[in-house]
Amino acid sequence: MKTYLILMPIFILVVLQSSILPLNLLLALILIRTALKPDRQSFYLAFWSGLLLDLAQGTPLGLSSLIFLLASLFLFLYSKKFEASYAPFLAVFVFLISLLYYQTVFGYLGWQKSLILSILTFLFSFLWQKFLVRSFR
Amino acid sequence: MLPFLLSLLLFFFDQKGWLLKFKGFFSYPLVWSTGKIFNSYQGIKEGFSNLGDAQREEQITQLEGKLRQLAVDQNQLSSCLEENERIKKLLGSPLPPQWHFLEARVIGQGEQMKIDKGQREGVVEGMMIISENILLGRIVSVEENFSLVEKVNSPNVKIPVIVKKPGQASVQARGLLLGQYKDKLFLDRVLQGEQIQKGDLVITSGEENWLPDLLIGQIEEVLPKTAELYQTARVSALLDYQKLRIVFVVIK
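First to last, the protein sequences are chains A and B. Note that our numbering numbers the first sequence so that position 74 is 74, with each residue one more than the last. Note that our numbering numbers the second sequence so that position 70 is 207, with each residue one more than the last.
Partial list, computed: chain A residues near chain B (C-beta under 8 Å):
#1 Val15
#2 Leu16
#3 Leu21
#4 Pro22
#5 Phe47
#6 Leu55
#7 Gln57
#8 Gly58
#9 Pro60
#10 Gly62
#11 Leu63
#12 Phe106
#13 Tyr108
Simulated crosslink set (BS3-like; lysine-lysine; CA at most 30 Å straight-line):
#14 A/Lys113 x B/Lys182
#15 A/Lys113 x B/Lys380
#16 A/Lys113 x B/Lys173
#17 B/Lys380 x B/Lys321
#18 B/Lys295 x B/Lys362
#19 B/Lys389 x B/Lys203
Calculated from the model, a selection of chain B residues having no Cβ within reach of chain A, i.e. all distances over 10 Å:
#20 Gln192
#21 Gly304
#22 Arg326
#23 Ser342
#24 Glu345
#25 Pro361
#26 Lys389
Just so you know, these hints were derived from the structure itself, not from any lab. As the structure is a computational prediction, the values presented were derived from the model and not from experiment. Backbone N, C-alpha and C fix where the C-beta goes; we use that ideal spot for every residue, glycine too.
Isolated chain B, as found in the complex (with noise of 0.2 Å):
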């Protein structure tokens, strides 16, 4: 009995915000351990990734880091002419506000991605995790030293996305994105009217308390049409999110 009544209490008290400072000392030597184990356990993964085939290897990486350089240049590019023509068309219209970024390394890859800055670094609830102009998530629990951030391939995360073609600044259309796991993603409540293909990017529309102009991925295939309203396609994050080391929480 006494047991269940400690749980319910505990809980209790950690919803009200009264155990932070206790979480926090006590939590320590277990976040550092995991931070630990997490390093050495990517250490020793890309340890033996190497072993395989170094050089092909190596060539795949520097590909992908081009091809993800290229989708954020081509977001950036159309994202300034979408700009400079709203600039024209409504002069004095407020600019974006300006971004802060504070580091952070990821210590822990498990349900959640868990980051070594919590409240003690000024992270709140709902801050936005990037990686070079890409969304990686957002920020669902904050502890004393550090945060939990829910990954944008969770099956939880309902993301308002706007589809653009790589190097122009019009929307193509616009849709729901929905994780699936594993890098994963789903794009869907696109009207069949709309016209999706291949390679598009896909960006944040900045509904819903989601930052705007954010990468999150390229449209891999469109599914079928059917007899419904909507039309859906299956989505390739443009990063690997276990891969992560360092990350940026975006302060506004």
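This is chain A alone, in the form it adopts within the complex (with noise of 0.2 Å):
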């Protein structure tokens, strides 16, 4: 998968989340595309796109980032001996750094939003593997 194709839906997923989106599909897209393709360019994907999303969100610039940063140095360590595009840890996965998120940028466990997220997480990682990593290869 190319790079740059990320670009887009990066851009385009931090303009509605910090307008309309009140789920953070941003942190599903990094954390599934780590998952997918553990290499260092995760890392620069994380830190520009959360800084995109401090920016637009008005949270504390870096802030996002780190914690991005954070989750996929955690997936790219662990995919180094398991496997980490697993859907259900995947999920699991989301949904635990999703509350780390909540907690730490709006002061509150968003559980409910985290369980959509781990459950979409799942959801499009299964798809993934079942039907469309073979086209992309």
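Mind assembling these two chains? They're in different frames, but the hints should get you there.
Structure, rendered in structure tokens:
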């Protein structure tokens, strides 16, 4: 998968998330991307998308980047020994990171939103592995 | 390693307030586009709702407007009554300060409400946001060209309130209003001996840096009494926060 293909969805999600979308889909996208392709570029994507999100949302600059980076780093290290793109694992991981994100950035545990996000992550990563992975290889 | 260091540095500088101009410059196109998207989305949403049953929708909107106006009038009346009584009793006591308002457009409804007025227009953290004498929230973050508002239904928000019967000056009860999202609010810390019932108005008491006498909602249901010291109630907001386009910042 070409890296630049993910830049447009990142920008769209940043704009949507800071205007009308109550879900942190950008976090899920970054983590799914890292799980599917754990490389050094994941860190740069996590950094820049977090920065863009902070700029658009008005949250403290660097905070989203830091959370995205830490989560990506964990996935990167995990993927060296285990299968990080395993759908149930990824869903639980996204749920936990999303809870951490809401607590750190907004001061409360957005567990309902985190749950929806983890279900979406599960569905996406499951479908990706079942049907889409071959066409992108 | 570099992105981690950069993030930490940026966070540190931002906390010190050294990046305000930088943020203002780079966030401008993003804020502009989020504003455009939000307005288009609101337009589309309204368009769709009108498609369903335009006449009924209009009637409901009109009735909701009238209901709000009535609640506002009742609150103003009761405030006037109370004020008169106070003035009669305490001649020479200071009148409430004059408030000034700054009109602002809502440009985003993500986790927090985003308005198009920021530091440039003199907005500072802690200012209240209202619409038709109804409290919507408080400014929690100010950038150069926009601000973030923590709405009263946010789970973080705790507002000391008083409960009044519509059209009456006397305070029925005191309590603490807690946000619960989706325009739902929760009234807690009302002593068991105090009388509250469906339809009572929930108004800011003016404590903990919240402005006084601002309407927040109406009691929807008093929850069954338990053995606890306090009684609780569900409160419905008087406005649909998601539909707001224009709000006012209160500048004292």
